[in-house]
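Residue numbers (my numbering), protein chains in the order written: chain R, 1 to 202; chain W, 203 to 436.
Treat the hints with care, as some may be off.
[What the hints assert, rightly or not] Only pairs whose alpha carbons sit at most 27 Å apart, straight line, appear in this in silico DSSO-like list of lysine-lysine:
| id | chain 1 | residue 1 | chain 2 | residue 2 |
| --- | --- | --- | --- | --- |
| 1 | W | K212 | W | K232 |
| 2 | W | K269 | R | K67 |
| 3 | W | K212 | R | K67 |
No lab work stands behind these hints, which were simulated from the structure alone.
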Amino acid sequence: MDENALIHDAQNGDLDAFNRLVLAYQDALYNTALRVLGDEDQAADATQEAFISAFRHITSFRGGSFKAWLLRTVTNACYDELRRKQRRPTVPLEPATEDEEEMESPRWLADSSMTPEQIAEADELEHALQHCLDALPTDFRTVVVLADIQGLDYSEIAETVRSPLGTVKSRLARARLRLRECLQGFRELLPSIFRLEDGSHP
Amino acid sequence: MTQTSFRDAKNLSALLDQQLNPAESARLQKRLQTEAELRDVYEDLRQTRSALRRLPQRRAPRNFVLKPSAARVRPPLPRSFSAFRWASALASLLLFFSFAANAALPRLASLPANAPLSGLGMGGSDTQAAVEAEPNAGFESAPAAEEPSLKIVQATAAPQAAEPALEAPAVMPPAEQAPPMSDERGLPTLPPPGRAPLPPWTLIVLGGVAISSASAAFLLRWQTDRRWKNINIK
Chain R
1 MDENALIHDA
11 QNGDLDAFNR
21 LVLAYQDALY
31 NTALRVLGDE
41 DQAADATQEA
51 FISAFRHITS
61 FRGGSFKAWL
71 LRTVTNACYD
81 ELRRKQRRPT
91 VPLEPATEDE
101 EEMESPRWLA
111 DSSMTPEQIA
121 EADELEHALQ
131 HCLDALPTDF
141 RTVVVLADIQ
151 GLDYSEIAET
161 VRSPLGTVKS
171 RLARARLRLR
181 ECLQGFRELL
191 PSIFRLEDGS
201 HP
Chain W
203 MTQTSFRDAK
213 NLSALLDQQL
223 NPAESARLQK
233 RLQTEAELRD
243 VYEDLRQTRS
253 ALRRLPQRRA
263 PRNFVLKPSA
273 ARVRPPLPRS
283 FSAFRWASAL
293 ASLLLFFSFA
303 ANAALPRLAS
313 LPANAPLSGL
323 GMGGSDTQAA
333 VEAEPNAGFE
343 SAPAAEEPSL
353 KIVQATAAPQ
363 AAEPALEAPA
373 VMPPAEQAPP
383 MSDERGLPTL
393 PPPGRAPLPP
403 WTLIVLGGVA
413 ISSASAAFLL
423 RWQTDRRWKN
433 INIK
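Same shape as in the complex, but just chain R:
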């Protein structure tokens, strides 16, 4: 896939070319929205909004990282969603049961090679991490999601969240420290997260 050619065609109104870009990036955008919003339906809505907005404003894309540009649109959509949520807080029609039955949904389709034990472990890890992510201020959460989940570098994050590099650096450090503090509470539940890979120490 020649991304630049697709972007060029999309800028000239080729919806088919744009939809090929959608297919390439929809997982990244959806995952970002999911981690920022912590809700699957809202994440899907934000992702759809982001792609519509991206297509409408694609002529304003002037080069650089297209992924970072798309992530900016989804970040903005997430902020809009959060603002809406603050204005109109809603109560779910079907509250979560005590045994967390909603977790039985086939959400691990992304990696079908996982064993049931690994799935259960990852499930717990995901819950713990999402809980800790939700406890972060939105700006911190966005930065840490972009850095550690989407793998963007600092300059791409600065471009995405439209903040100076120093602010990104500072928010990321604070977010990681707070997450670490929060995850301490899950130490007994999630011993596996502390069995981390070795060799990255300088």
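The hints should help you fit chain W onto chain R, whose structure is shown.
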């Protein structure tokens, strides 16, 4: 955590992402070898990042491909479209003001000579006219016995008044050759009655720019819409 230790934590976080410059990186790594507390913070940050990286990437629950009807999106227009649109709007505006100027100014000029200037409050001509009118008013209100002397004065003044009139063509250029832009007091004057201040070619050029820019913008829109339909019919 103190402010200083947060600065260290920030640098450790950047070191983890290899975002420190070589000098800072070397300095911090040297400190890591000797300071146990710093090493703990570094390890905490590393473990947190590893945990986040282990989060599975979810597959999107559905395809987010756009359908023009469902998304109600319009095709993005080329950048030149807005340039043509602005050019057309600007030319139309200028054309309007040019027409207005050409229509209004000759009419103003055809009003009685002193009316526009006094109407516009230019140069205090009212007071000057009043001062100039006073001698005549004095003659009119003078008693009848003084009329003969007045006639003598008028008779002697007539040749003097005629002299400048005879010399005038030699000194002053004809009005048709060089219309005056201001009077002897330096005040702006209106164009001669029936004469438009802007030449017709200005209006023609502005009209041409407005029409051609609007046509170009319309064509671009039409072409984009047609391409859009072709793409989505495929």
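Status of the hints after comparison with the structure:
1. W:K212 with W:K232: Measuring from Cα to Cα gives roughly 16 Å; hence the hint holds.
2. W:K269 with R:K67: holds, 22 Å
3. W:K212 with R:K67: Roughly 26 Å between the alpha carbons, so the hint for K212 (chain W) and K67 (chain R) holds.
In this structure, none of the earlier numbered hints is contradicted; all agree with it.
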